[in-house]
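For reference, each letter of the sequence shown is one residue, going 89 to 243 in our numbering.
Quick caveat, the hints were computed from the structure, so don't treat them as lab data. Wrong hints could be hidden among the right ones.
[What the hints assert, rightly or not] Think about it this way: if two alpha-carbon atoms lie no more than 27 Å apart in a straight line, the pair counts; the simulated DSSO-like pairs of lysine-lysine are: (1) Lys-125 x Lys-229; (2) Lys-151 x Lys-165; (3) Lys-157 x Lys-168; (4) Lys-125 x Lys-191; (5) Lys-208 x Lys-100; (6) Lys-123 x Lys-165; (7) Lys-151 x Lys-168; (8) Lys-208 x Lys-157; (9) Lys-157 x Lys-91; (10) Lys-151 x Lys-229; (11) Lys-208 x Lys-165; (12) Lys-157 x Lys-123; (13) Lys-191 x Lys-100; (14) Lys-91 x Lys-165; (15) Lys-123 x Lys-191; (16) Lys-125 x Lys-157; (17) Lys-168 x Lys-123; (18) Lys-100 x Lys-125; (19) Lys-125 x Lys-236; (20) Lys-148 x Lys-125; (21) Lys-165 x Lys-191; (22) Lys-100 x Lys-123; (23) Lys-208 x Lys-123; (24) Lys-208 x Lys-168; (25) Lys-191 x Lys-168; (26) Lys-125 x Lys-91; (27) Lys-208 x Lys-151; (28) Lys-148 x Lys-191; (29) Lys-125 x Lys-168.
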Amino acid sequence: MCKQENSLFLQKIEETTEQAVFATETTVDLEVGNKVKSVSLVSMDAAQEIDDILSLHTIKEEKIAYPEKGQAVITDKISKRYHISVGDTITLGSEDINPFQVKVAGICQNFMYNYVYVSKETYEEAQGMEISENTVYINVKEDLDIHKVAAEISD
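Working from the sequences, and respecting the hints, build out all of it.
Below, the structure written as structure tokens:
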């Protein structure tokens with residue numbers, strides 16, 4: 089989505105949502121030594137207020153800040169399976185995405201799938217171009233039916 093489309097979308101949902109955060113999600117390969125694992129890459133502007141949308145925290149419930157430029161937060165399953173620790177450097181890329189390296193700044197608890205979170209600035213700099221968002225995280229106003237709102241947004 090381009091900035092104009094984002095703005096129009098926000099106008100469309102302003103009556104039904106508390107907060108909306110735009111992001112880019114894609115699948116990339118995580119290269120660790122001679123092993124390769126397909127993971128979900130989430131890239132968003134680190135300056136956005138995301139605490140009510142996305143809770144990055146350790147298994148001890150300690151808050152993890154969204155990663156800054158050149159950093160990544162990975163999920164605990166990736167960390168355990170590939171023996172990756174905070175401070176390690178990992179390589180991400182694919183056939184369509186230029187390989188780039190980031191330093192692991194945090195390891196977050198997650199129960200489904202394998203995620204790597206990076207800042208929009210990190211991802212765009214690595215690709216040498218502006219990246220359009222393809223995902224929006226939304227908090228629906230508390231008194232509204234989430235399914236009804238989702239149906240309205242989808243139209």
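Against the structure, the hints:
For the given pair, Lys-125 sits about 37 Å from Lys-229 by alpha-carbon distance, which is inconsistent with the 27 Å threshold. Straight-line distance between C-alpha atoms of Lys-151 and Lys-165 comes to about 18 Å, which keeps the hinted pair within the 27 Å bound. A C-alpha spacing of about 24 Å is found between Lys-157 and Lys-168, which places the hinted pair at or below 27 Å, so the restraint holds. As the CA atoms of Lys-125 and Lys-191 are separated by approximately 17 Å, the hinted pair is consistent with the 27 Å bound.
With a C-alpha separation of about 24 Å, the suggested pair Lys-208 and Lys-100 falls inside the 27 Å cut-off, and the hint holds. Only pairs whose Cα atoms come within 27 Å are accepted, and Lys-123 paired with Lys-165 is accepted, the gap being roughly 15 Å. Of the supplied pair hints, the one linking Lys-151 and Lys-168 holds, its CA atoms being roughly 19 Å apart against a limit of 27 Å. Restraint check: the Cα-Cα separation between Lys-208 and Lys-157 comes to about 8 Å, which is no more than 27 Å; the hinted pair holds.
Taken as a hint, the Lys-157 and Lys-91 pair is honoured in the structure, with Cα atoms around 21 Å apart against an allowance of 27 Å. The hinted pair formed by Lys-151 and Lys-229 meets the criterion: a straight-line CA distance of about 24 Å does not exceed 27 Å. For the proposed pair Lys-208 and Lys-165, the alpha carbon gap of about 23 Å is at most 27 Å, so the pair holds. Taking the CA atoms of Lys-157 and Lys-123, the gap is about 25 Å. The hint holds against a cut of 27 Å.
With a C-alpha separation of about 38 Å, the suggested pair Lys-191 and Lys-100 falls outside the 27 Å cut-off, and the hint is violated. For the proposed pair Lys-91 and Lys-165, the alpha carbon gap of about 34 Å is over 27 Å, so the pair is violated. Taking the CA atoms of Lys-123 and Lys-191, the gap is about 18 Å. The hint holds against a cut of 27 Å. The suggested pairing of Lys-125 with Lys-157 holds, with an alpha-carbon distance near 23 Å, which does not exceed 27 Å.
Distance restraint check for Lys-168 and Lys-123: the Cα-Cα separation of roughly 14 Å lies within the 27 Å cut-off, and the hinted pair is therefore satisfied. Restraint check for Lys-100 and Lys-125: not satisfied, since their Cα atoms lie roughly 38 Å apart, outside the 27 Å limit. Of the supplied pair hints, the one linking Lys-125 and Lys-236 is violated, its CA atoms being roughly 37 Å apart against a limit of 27 Å. For a cut-off of 27 Å, the pair hint linking Lys-148 to Lys-125 stands: about 26 Å separates their Cα positions.
Among the hinted pairs, Lys-165 with Lys-191 is consistent with the structure: their alpha-carbon atoms are about 17 Å apart, no more than 27 Å. Annotation: proposed proximity of Lys-100 to Lys-123 is violated, straight-line Cα distance about 44 Å (limit 27 Å). Of the pairs offered as hints, the one joining Lys-208 and Lys-123 holds, with about 26 Å between alpha carbons and a cut-off of 27 Å not exceeded. Between Lys-208 and Lys-168 the CA atoms are separated by roughly 26 Å; this keeps the pair inside 27 Å, and the hint holds.
For the hint pairing Lys-191 with Lys-168, the CA-to-CA distance comes to about 16 Å; that is within 27 Å, so the pair holds. Note on Lys-125 and Lys-91: the hinted pairing is violated, with a Cα-Cα distance of about 32 Å set against a maximum of 27 Å. The hinted pair formed by Lys-208 and Lys-151 meets the criterion: a straight-line CA distance of about 20 Å does not exceed 27 Å. Between Lys-148 and Lys-191 the alpha-carbon distance is near 22 Å, which keeps this suggested pair within the 27 Å criterion.
The straight-line distance between the Cα atoms of Lys-125 and Lys-168 is roughly 13 Å, inside the 27 Å bound, and the hint therefore holds.
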